[in-house]
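Participant: From just these sequences and the hints, can you work out the full model?
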Amino acid sequence: MTETRSEAVRPFGTPRDAAATALHGVGQIYFQPSVWCGLFILAAFCVADWRMALLGVIGLAASTAAGVALRDRLPGSPDGTALRAGMHGFCGILVGAAAFTMLGAGWAGVIATAIGGLLCGPITVGFVALFAARGFAQFALPATTAPFCLVAQGIHYTTEPFQHEVSELSEVHGDLVQISVHAALTGISQVVLIDSPVAGLLILIGLTIANWKVGVAAILGSAASAGFAWLIGEAPLDDYHGLDSYSSVLVAIAMACVFLSGKWSPWVMALIGAVLAAALEQLLLETEVPLFTWPYVLVTWLLLIVARYVPALARPPV
3 MTETRSEAVR
13 PFGTPRDAAA
23 TALHGVGQIY
33 FQPSVWCGLF
43 ILAAFCVADW
53 RMALLGVIGL
63 AASTAAGVAL
73 RDRLPGSPDG
83 TALRAGMHGF
93 CGILVGAAAF
103 TMLGAGWAGV
113 IATAIGGLLC
123 GPITVGFVAL
133 FAARGFAQFA
143 LPATTAPFCL
153 VAQGIHYTTE
163 PFQHEVSELS
173 EVHGDLVQIS
183 VHAALTGISQ
193 VVLIDSPVAG
203 LLILIGLTIA
213 NWKVGVAAIL
223 GSAASAGFAW
233 LIGEAPLDDY
243 HGLDSYSSVL
253 VAIAMACVFL
263 SGKWSPWVMA
273 LIGAVLAAAL
283 EQLLLETEVP
293 LFTWPYVLVT
303 WLLLIVARYV
313 PALARPPV
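First residue of the sequence shown: 3, per the working numbering; consecutive thereafter.
Simulated from the structure, these hints should not be mistaken for lab results.
Positions of the beta carbon are idealized from the N, C-alpha and C atoms, including for glycine.
Any given hint might turn out to be false.
[To be verified] Derived DEER-like restraints, expressed as beta-carbon distance ranges:
id, residue 1, residue 2, range
1, Asn213, Leu132, 21 to 31 angstroms
2, Arg136, Trp232, 40 to 50 angstroms
3, Ala131, Val183, 41 to 51 angstroms
4, Ala45, Ala110, 19 to 29 angstroms
5, Thr16, Lys265, 38 to 48 angstroms
6, Ile117, Ala316, 36 to 46 angstroms
7, Leu41, Lys215, 18 to 28 angstroms
8, Glu288, Ser169, 16 to 26 angstroms
9, Leu178, Val291, 30 to 40 angstroms
10, Pro124, Glu173, 37 to 47 angstroms
11, Trp109, Val270, 42 to 52 angstroms
12, Thr16, Ala45, 20 to 30 angstroms
13, Leu286, Val183, 19 to 29 angstroms
Facilitator: Here it is, written out as structure tokens:
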């Protein structure tokens, strides 16, 4: 039987399919459209605060709804493929996490999350259109978490009178091994704005279940950036709580497991990218502008542009 257009654009099937789509969106924060990975990341949110998890789900639902409305404007979306892979959910859940850290779980946080999640859709369309334009198309740049960064910065600047005070970081304690493990795991969890080694461990398990190389890349990125921060004498508290590492975690995964192909060159670029992201973060901190994942986004774009001109840095087939 020939599939009609209305059937072709239907983004979801059964409730089970919708749940899988949602969990894929959670996993896509770390590039993993995996139900199990999404479950472990969601569990990490619950370890931090179940209300944070709730706002994340609201943001995910809002951004996915925007993706449904705009599916004809995004590559791979008319047939629902990108939607079912969670490509329109991950920015929304990050918006929910950011809104929670700034505003809490009250009505201000809920409203900011819902509006911000919806805005992720058209902003993503804008980035896709920009990178498909002449001059950019040759680099095949992804929008990645740039829509989240813009929305989260908008929330930050428009809700300053309502924001909660940031709690002080706990002191560093333990021996060298304990401190190193804590820093590596919180570097992974800080991608989703969570300061918890337990949450980081849950996320790492989910990533490893999805693909063991992704788990290795996450550890590599976190360790490399923490080491760089230590070498330049960065504040031990920031290092201990993963604040120097989260962008490097994403860059390492992006280079080693997503955007480049090959045996060794992706891992070399992952290490270089992790250090560059850590260095860029230190520079941008001087601006006092909320960074979110901008260091990861900018370094990833830079390295993909460089890869266009280096034959040894091949891109995987689309």
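Participant: Hints first: check each against the structure and report whether it holds.
Facilitator: Against the structure, the hints:
1. Asn213 / Leu132: 21 to 31 angstroms: Since Asn213 and Leu132 have Cβ atoms about 30 angstroms apart, the given range 21 to 31 angstroms holds.
2. Arg136 / Trp232: 40 to 50 angstroms: 44 angstroms, holds
3. Ala131 / Val183: 41 to 51 angstroms: Given a distance of about 43 angstroms, which is inside 41 to 51 angstroms, the answer is holds.
4. Ala45 / Ala110: 19 to 29 angstroms: Roughly 26 angstroms apart at Cβ, these two residues keep to the hinted range, so it holds.
5. Thr16 / Lys265: 38 to 48 angstroms: 40 angstroms, holds
6. Ile117 / Ala316: 36 to 46 angstroms: Given range 36 to 46 angstroms: holds, Cβ gap about 41 angstroms.
7. Leu41 / Lys215: 18 to 28 angstroms: Holds, since Leu41 and Lys215 (Cβ atoms, about 20 angstroms apart) stay within the stated range.
8. Glu288 / Ser169: 16 to 26 angstroms: 23 angstroms Cβ-Cβ, so the 16 to 26 angstroms window holds.
9. Leu178 / Val291: 30 to 40 angstroms: For Val291 against Leu178, whose Cβ atoms are near 34 angstroms apart, the range 30 to 40 angstroms holds.
10. Pro124 / Glu173: 37 to 47 angstroms: Hint holds: Cβ distance 44 angstroms, inside 37 to 47 angstroms.
11. Trp109 / Val270: 42 to 52 angstroms: Distance hint for Trp109, Val270 holds at roughly 48 angstroms.
12. Thr16 / Ala45: 20 to 30 angstroms: 24 angstroms, holds
13. Leu286 / Val183: 19 to 29 angstroms: Since Leu286 and Val183 have Cβ atoms about 27 angstroms apart, the given range 19 to 29 angstroms holds.
Checked against the numbered hints given earlier, this structure breaks none of them.
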